[in-house]
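Asks: One-letter residues, chain by chain:
2 protein chains.
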Amino acid sequence: MADFIEPRTLKGFRDYPPELMIPREALLEKARRVYRSYGFAPIDTPALEYAEILLGKGGEESDRLVYRFRDHGDRDVALRFDLTVPFARFAAQHIGKLGTPFKRYHMGPVWRGENTAQGRYREFWQCDFDTIGTTSNASDIETALVIHDLMVALGFERFEVRLNNRLLLNGVLEELCATGKSAACLRALDKLGKLTADEVCGEMVREAAVTEHQARRILDIAAMRGTNDDILQRVRRDYGGNAKVAEGTARLTELLDVARVVGIPEGRLRLDLSIARGLDYYTGTVYETFLLDRTNFGSVCSGGRYDNLASLYTKQLLPGVGASLGLDRLLAAMEDMGLLPKVATPAPVLVVQFVAERLGDYQRVARLLRAEGVGAEVYPEAKKVGQQLKYAEGRGFRAALIAGPDEFANGTWKVKDLAKREETTVPQSEVVTAVRSIVDRQ
Amino acid sequence: MADFIEPRTLKGFRDYPPELMIPREALLEKARRVYRSYGFAPIDTPALEYAEILLGKGGEESDRLVYRFRDHGDRDVALRFDLTVPFARFAAQHIGKLGTPFKRYHMGPVWRGENTAQGRYREFWQCDFDTIGTTSNASDIETALVIHDLMVALGFERFEVRLNNRLLLNGVLEELCATGKSAACLRALDKLGKLTADEVCGEMVREAAVTEHQARRILDIAAMRGTNDDILQRVRRDYGGNAKVAEGTARLTELLDVARVVGIPEGRLRLDLSIARGLDYYTGTVYETFLLDRTNFGSVCSGGRYDNLASLYTKQLLPGVGASLGLDRLLAAMEDMGLLPKVATPAPVLVVQFVAERLGDYQRVARLLRAEGVGAEVYPEAKKVGQQLKYAEGRGFRAALIAGPDEFANGTWKVKDLAKREETTVPQSEVVTAVRSIVDRQ
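Residue numbers (the numbering used here), protein chains in the order written: chain A, 1 to 442; chain B, 1 to 442.
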């Protein structure tokens with residue numbers, strides 16, 4: 001008797017069976033189509049890199065999260081923990097050949113040995129797009145359009161891309177308190193939503209050494225509500241003399257103008273001066289995206305403009321702007337909203353194998369359907385029809401095709417609508433039409 | 001002055017810039033479409049697994065090739081080195097829930113720390129499909145059809161799927177020499193092509209302890225040429241009394257019959273009794289696929305039937321059949337055949353930014369094209385038109401759209417064919433048609 005090895009995955013890792021993988025592939029495919037339609041080109045980088053590349057020369061404190069080991073050549077290597085650092089290395093290494101502006105998207109798994117609470121996994125996919133090598137606001141604007149089109153392509157209507165500009169925030173902070181306190185203030189501000197306004201106020205006083213009065217003024221700005229025009233007008237009126245505020249508002253104004261010209265529905269892009277994005281490297285426009293029916297899932301697509309992507313690896317300045325689609329959050333939200341059909345087959349039609357000797361005919365009708373873009377599986381064994389139909393229903397097939405001796409004698413096929421449990425008999429020439437009327441129905 | 005970290009990849013690893021990644025994505029997408037059209041469902045498994053799962057309990061001799069280390073929880077873990085072993089573990093773990101038959105495809109990177117000579121990389125993609133849980137010949141037949149359709153979908157016409165059946169070979173070996181010598185004989189036979197017939201003969205005598213006369217007879221069988229019918233007839237005549245030969249020829253005959261009924265062109269599927277597939281676990285039909293204009297690249301899609309997938313992890317018998325598309329070989333062959341256009345943009349149209357204030361109009365026309373399925377990039381800066389067109393040509397854009405003050409005054413666009421260097425001026429309403437006539441041209 002064999003002594004079996006227990007089949008199991010590592011803690012924090014999971015398999016993707018078809019029910020999870022079919023939606024993930026659909027989502028990636030839709031995102032890919034949008035990225036490409038804007039001219040973003042795909043790249044890939046290795047999963048394994050020199051640890052020094054990923055962690056920087058002194059990055060020991062990150063080690064806890066990073067899968068790091070010695071390879072066969074005794075190199076100090078690690079698995080990538082995001083797609084940004086590899087992209088920075090990639091850009092520094094190849095930008096001379098790639099040229100600028102350079103627009104890329106990158107989809108792939110990353111690994112972090114972190115705590116696995118709350119549905120966090122140690123392996124998860126990221127899905128980033130960036131434009132580097134230009135400071136032009138045209139790219140900031142395009143980033144907002146891409147995010148918008150992504151959400152529409154994924155099937156959402158009730159969503160909101162929330163916009164801000166770190167220049168605007170920094171300018172306001174300059175006016176309200178001493179310079180040099182911005183970073184700490186923004187880090188505190190970024191916690192709005194997780195913490196109460198009072199708590200954020202307290203953190204600003206503690207961490208950024210501003211007065212409580214100053215902190216309250218900052219929070220007032222962040223809490224500003226109204227139309228985009230209202231907000232821009234009030235900021236210009238109160239702080240427009242500040243050069244940073246002037247530039248930040250000018251860039252946001254142009255963004256909203258272009259969005260109007262190209263026909264983005266009102267309300268989809270909304271200024272929100274509380275959006276700070278805690279990451280220190282954002283320096284201009286920042287983006288967050290919320291599903292209005294599931295704001296509790298947090299931002300599902302976030303990003304911003306940065307001054308320099310690859311300062312660790314090259315002296316060449318590479319300013320850029322980009323965002324990252326939160327694949328797992330989106331899938332979780334879509335599942336919660338009932339938007340993910342429980343389907344375990346990518347082909348909607350099952351061709352029943354009724355008479356084993358007729359396998360050629362079953363495969364031939366399946367090929368007819370495939371040629372028309374309708375996936376069709378032929379059941380591999382000539383089991384009882386009832387068993388085959390049970391299999392079809394369990395996997396989420398939409399239609400079944402059945403032909404036994406009678407049908408072959410008459411040149412007909414039975415077409416079964418598996419959801420409605422209705423069956424019609426049609427001549428061979430009408431099979432494709434009959435199947436289409438079932439599988440194209442929502 | 002900063003002390004930069006040298007941007008580089010590990011030995012044996014490489015980046016995929018757009019010129020490499022665009023064809024890889026296109027290839028994966030086409031393969032995915034074919035797999036799905038037959039009802040194969042996507043799955044994914046973690047890159048990292050328990051080393052014991054991947055290597056078996058005593059698999060120390062494989063270690064050299066495998067990236068293996070201790071994780072933060074001091075677990076003995078490794079990066080997957082193929083997609084078959086993780087699939088076996090996956091199947092053993094989930095088959096109760098998945099049910100049989102189960103058809104899956106799996107595309108993803110695998111890692112092997114092997115020698116990097118001859119364009120071999122330490123990270124490369126595999127692209128497998130399998131049907132498990134049935135011994136039915138219908139699945140063997142379908143596997144051949146899938147391979148055929150894959151090659152057609154990838155744009156090949158001159159290719160050949162070479163077929164054999166290990167039962168047939170084993171039966172012949174039973175007749176020619178003692179049983180129990182099959183495995184060593186087949187391993188030697190698999191080297192035909194790399195070694196001369198004489199060398200293979202020598203190896204059989206040495207490794208399988210057969211006589212030279214026996215080895216020569218085996219090689220005669222393997223060298224048999226002629227139509228599929230000729231070969232089947234001769235094998236049946238000479239060895240048809242052997243039960244294994246009878247079953248092997250029956251299964252191959254049915255396969256070829258079905259292929260004829262469904263309309264696979266003659267010559268695409270060819271019996272070749274020298275195909276042995278060295279792997280010991282193949283037990284039935286075996287497949288190899290050759291590009292007739294690049295046979296030197298070896299088989300680009302190979303596989304076979306096996307008796308039991310997951311014997312390491314479960315007592316449940318999981319027979320199956322499947323194959324693996326050699327992504328990197330195919331890409332290398334396609335490059336060699338000049339089938340990979342040197343294009344660094346997934347969008348065929350560049351919209352020139354002539355007047356910065358008209359960005360909204362440029363993005364609007366780009367959206368018109370995108371809505372029609374034509375990718376369009378808006379250049380992010382209002383640089384000189386000549387510079388923008390140079391960028392467009394360098395990246396492989398097909399068409400450029402240009403509008404300055406005159407065009408805006410007249411409601412027209414200049415449409416430039418970048419390959420032909422021809423330019424026409426059309427009204428806004430005809431832009432999509434004019435662009436299509438350029439980008440749809442081969």
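Some hints could be false.
On the chain B side, residues computed to face chain A include the following (Cβ under 10 Å) [what the hints assert, rightly or not]:
#: 1; residue: Pro17
#: 2; residue: Arg75
#: 3; residue: His94
#: 4; residue: Ser136
#: 5; residue: Arg268
#: 6; residue: Arg270
#: 7; residue: Leu389
#: 8; residue: Tyr391
When the alpha-carbon atoms are kept at most 27 Å apart in a straight line, the in silico DSSO-like pairs for lysine-lysine are as follows [claimed, not checked]:
#: 9; chain 1: B; residue 1: Lys342; chain 2: B; residue 2: Lys383
#: 10; chain 1: A; residue 1: Lys342; chain 2: B; residue 2: Lys390
#: 11; chain 1: B; residue 1: Lys342; chain 2: A; residue 2: Lys30
#: 12; chain 1: B; residue 1: Lys244; chain 2: A; residue 2: Lys315
#: 13; chain 1: B; residue 1: Lys315; chain 2: B; residue 2: Lys244
#: 14; chain 1: B; residue 1: Lys30; chain 2: A; residue 2: Lys244
#: 15; chain 1: A; residue 1: Lys97; chain 2: B; residue 2: Lys390
Since the hints were derived computationally from the structure, they do not count as laboratory data. Predicted, not measured: the structure shown is a model, and the values here were computed from it. No residue lacks a Cβ here, since even glycine has one placed at the ideal position from N, Cα and C.
Asks: Which numbered hints does this structure break?
Replies: 5, 6, 7, 10, 12 and 14
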